[in-house]
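**Student:** The listed protein sequences derive, respectively, from chains A and B.
So the first sequence is numbered by numbering that gives the first Met the number 0: it starts at 0 and just counts up by one.
So the second sequence is numbered by numbering that gives the first Met the number 0: it starts at 0 and just counts up by one.
Source of the hints: derived by calculation from the structure; they are not laboratory data.
Don't be surprised by glycine CBs; every beta carbon is placed ideally from N, CA and C.
There is no bait here: all hints are sound.
27 Å max Cα-Cα, derived BS3-like pairs, lysine-lysine:
| hint | chain 1 | residue 1 | chain 2 | residue 2 |
| --- | --- | --- | --- | --- |
| 1 | B | Lys254 | A | Lys147 |
| 2 | A | Lys256 | A | Lys203 |
| 3 | B | Lys254 | A | Lys122 |
| 4 | B | Lys254 | A | Lys203 |
| 5 | A | Lys107 | B | Lys254 |
| 6 | A | Lys33 | B | Lys254 |
| 7 | A | Lys162 | A | Lys147 |
Which residues of chain A face chain B? A few of them, derived with a C-beta cut under 8 Å, are:
| hint | residue |
| --- | --- |
| 8 | Pro88 |
| 9 | Lys107 |
| 10 | Thr120 |
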Amino acid sequence: MMLHVSPTAATTGIAKGEVLLNVENVSLRFGGVKAISDVSFDIVKGEVRAIIGPNGAGKTSMLNCINGFYFPQEGHITYKGVRRQKVRPHEAASSGIARTFQNVALFKGMTTLDNIMTGRTLKMNVGLFWQLLRHGPAMREEIEHRRKVEDIIDFLEIQAIRKIPVGKLPYGLQKRVELGRALAMEPELLLLDEPMAGMNLEEKEDMCRFILDVNQTFGTTIALIEHDMGVVMDLSDRVVVLEYGRKIADGTPDVVKADQKVIDAYLGVAH
Amino acid sequence: MSAVTSSALRPLLSPALMATLKGLGILAAIALAIVLLVHSGAMPKGSIGHKVLAAPFIDMWDLPDLLVQTLWEGLVAGVLYALIALGFVLIFKASGVFNFAQGIMVVFSALTLVGSYEIMTQRMGLPPGTVVAILALMIAIATMFVLAWLVERIVLRPLVNQNEIIMLMATVGLTYFLIGFGEYIFGGNPKVMITAQLGLPVGQTQFNILGGRVNIQHLDVAAAVIASIMIAGLAFFFQYTRIGRALRAVADSHKAALSVGISLNQIWVIVWFTAGVVALVTGIMWGARSDVSFALEIIALKALPVLILGGFTSVPGAIVGGLIIGIGEKMGEGYWGPLFGGGIETWLAYVIALGFLLFRPQGLFGEKIIERI
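All chains should be built: construct the whole structure from the sequences, respecting the hints.
**Tutor:** Pasting the structure below:
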């Protein structure tokens, strides 16, 4: 019994600057509530794409559609040139989409190391037999992946908390471990849901640095939701703005910042 | 400075150890009080106090061979309780479902084993013996796998994210389905476990120790050894393998597990299959001590006090809880049972669990429930 790796994991060659993910006319309803209506945008390989908007605008729902937690009722999502119908979360993961969550979703009882090792699940495929023996191929595989995980731990500067159950860590570090787990998947597209929520200034600066490093060193495409406008404007190449489930603006930070609709959405309009 | 001291002492004085020491201290104080009461003449022989508090311990002291025998029987029962509880814990951890059907899975798997052996030897004319017994064992394991797969497909998948009570009802339904299906296929009569054919030892050995005789059933030794290996194997599997890590991950957070590419469906099949194999082993051991019949199902209810003691989410808890209940039950029956006219074995476990609930509602090793408001 093995956790299978879907064949879609084969990396299709999408060059930097080409469209990696295309969202076309996506609508999502929960019963009578429309969370997303007819939203279209694209994410280009190698960019940092921000999704912003007031509370309840449908940002997290959008990420959930992309990584398969929700199935949009209308519209399509094309990823690496393949139009997906119903993609399930573990299929999205095996096709190279990793994510973090708004309210940290870690495995609280497990150590930092084990948490990040789970990110390697899809890349490990030695069968149960060898795993039970913990010998031969299974041991080699474990060591190989442990090495990769140690690299990530070094990169995120969390060596000291390697063996600590993550439930005991402060919030800022938990967020960092969660990023580490997503990085361990060596994703092509990394979805970050409010990576800096609830952090102090110093932690925010650290996190910004890590995100930029990931983007520049590994060339990982990043889509992030963030409320801190300063962070969004500094980090992102392009910004899409949602309000009440609709797209109201899309473009570079400067363009979006100057857009009247965006200003109205954030500051309110006089009636 | 104080931080350094406390962190240096932490490995030595963990909260669990502190609690144990405290518990031992209280026990020692109680023992001393009893001794003083008896010696001072405040608790004369024949009084209720003497019968409850002193006489059983004097009996233990006077007949150490009987004590060893009782402890041994308690240990074997405890290991088997631990096995049943383990089946519950596995499924509860990974899917948050309290699997009411665990008891019937024990019966059903044992029936499949014995039934397919009977069919092969009696109707198909294969020679009775170890080879056919092993074949029957493989059929039983395969059946538990098919059952796990079907449960995942037909019950868990459509009901994912439903209320816990709905999942519980689903497993109650599964229980009645398995009872009916089992009776339809194998009939309702009790069957004899194919103990010797499976290569399990029968017979007993008597030891002359401590001025008396201690009887040890070979099967009980085998049961204790096999159950211990199984529990250790599962613990190892959970701790050190990739799939074990995935199982723990699912137990912690479904959405996070999904996001790293762990398929819940596969994990559920693995977990239910593992619980099925645990049920099969339990069924063989219990079946060998009595008969294989649907009456065995109620031993699942014995797992409840074990779970309350050990905590629903803890594998070590299931083991320790099982041992406490098993040994407590046999000791209670042997030494305090006569005061109640005997037969207290049937309810003592629940009373122990009830007493426990008052002090540690989360169990010995369960996660402390802290509701944030």
